[in-house]
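Quick mapping for you: the protein sequence lines, in order, are chains S and D. Per the numbering used here, the first sequence starts with residue 822, numbered consecutively. Per the numbering used here, the second sequence starts with residue 822, numbered consecutively.
Please note: incorrect hints may appear among the correct ones.
Stated by the list, open to error - Sample of chain S residues with no beta-carbon within 10 Å of chain D, all distances over it, derived:
1. D882
2. A942
3. S985
4. P1020
Stated by the list, open to error - Derived lysine to any residue pairs resembling SDA-like cross-links, with alpha carbons at most 20 Å apart:
5. K934/S / L1007/D
6. K1000/S / G854/D
7. K1000/D / E969/S
It is worth saying that the hints were derived from the structure and are not from the lab. By construction, the Cβ of each residue, glycine as well, lies at the ideal position given by its N, Cα and C atoms.
Protein chains: 2
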Amino acid sequence: MAAAESATALRADAARNRERIVAAATEVFAERGLEASTAEIAARAGVGEATLFRRFPTKDDLITAIIAVQFEQSAELASSCLEEEDPWRGVERFLSGMAERAADDHGMSGAAKERCMASPALADARGRVLDLTSQLVRRAQKAGVMREDVAGQDLMFLMAAVASLGELPFPGLRADLWKRYLGIVLDGLRPDGASKLRPGAPSRKLIEFPEVE
Amino acid sequence: MAAAESATALRADAARNRERIVAAATEVFAERGLEASTAEIAARAGVGEATLFRRFPTKDDLITAIIAVQFEQSAELASSCLEEEDPWRGVERFLSGMAERAADDHGMSGAAKERCMASPALADARGRVLDLTSQLVRRAQKAGVMREDVAGQDLMFLMAAVASLGELPFPGLRADLWKRYLGIVLDGLRPDGASKLRPGAPSRKLIEFPEVE
């Protein structure tokens, strides 16, 4: 009984450490970019580097854990947007919330993040976000407020395109300029005057399982 | 007379060398990214590394020269689009031509390119492209086929956003998927059903002289 209790305590302790490391890495990467040292992350988390390496043998493991948390947050945002009474307002709030987080997240941009985003370990998480996004799209289409020829996948890519504008090499631009371009994209998603989109929407499979070519 | 002739011949030779180096660097960077070695570029151009360094003391000088050529091509494209009879077709062809080149240009993406794009040496070139883009926008607005609240600067950023979709971490996506999203952006630029864009358009100054903060 005492042994079981202490095993439980150990597990809780390990989970807390893991959470602390992921939170610290999120902050440190945002501030210094993905080149930041694991020593700095361990110090910020208040754990030893050995503990960090035991939980996350490579930096990619750490980045993947951060993206997993972001996917969870995206799924929560999408769920809450599905509860908006106005289906268009739901789409709007989802895209703007996603683009806002991505724009705040510059420090983490780079090849390593892109590699980890497409990781097989995150297939379920990608699928969950896509499911909810597709529900947002279908709900707006049923209500007649969104063009019929777009899919949930399209929203993910459009959001990425808008967020990429936070990385332009013009330092004087206001940080929320992306909102302007999100406005144009949202107008382009309305049903009236829609042109015929070519090529067709990318398949869900390519986003859930990009590693399988 | 003979001395003047040989000086002219020398200048012509130097200009040819410079052009060959810029063309070779464009190819090599596109294939291998901006990390490619100057040795490889010199070999491709058929000149010695000493000649390359005399013309372009730093890699940034070389990248800036490539971007200058791209800005010239953009200005030529904009001029030819201004001659389209249909003003909307002019906008469409300009955005699609710019996004196509940017999407073919992945190898050259990175911090060094962004730094060089904003270089003071390219202020005139940026201004020329912006002038022509603004003419395309005003012509379409006068014809009543484009929303009134956008400026030439907006087209540059929207094009960059669409082109950024060529760098998504999903290897199975078709290379021309950006055309789909350009279609949505173009629909969003139409006058009907336009929402009120916030924030306002970025100033021209920020793009022409980003180095002055």
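Consistency of the hints with the structure:
no., hint, in the structure
1, D882, "17 Å, holds"
2, A942, "14 Å, holds"
3, S985, "4 Å, violated"
4, P1020, "6 Å, violated"
5, K934/S / L1007/D, "30 Å, violated"
6, K1000/S / G854/D, "31 Å, violated"
7, K1000/D / E969/S, "17 Å, holds"
Violation of the numbered hints given earlier is confined to hints 3, 4, 5, 6; the remaining hints are satisfied by the structure.
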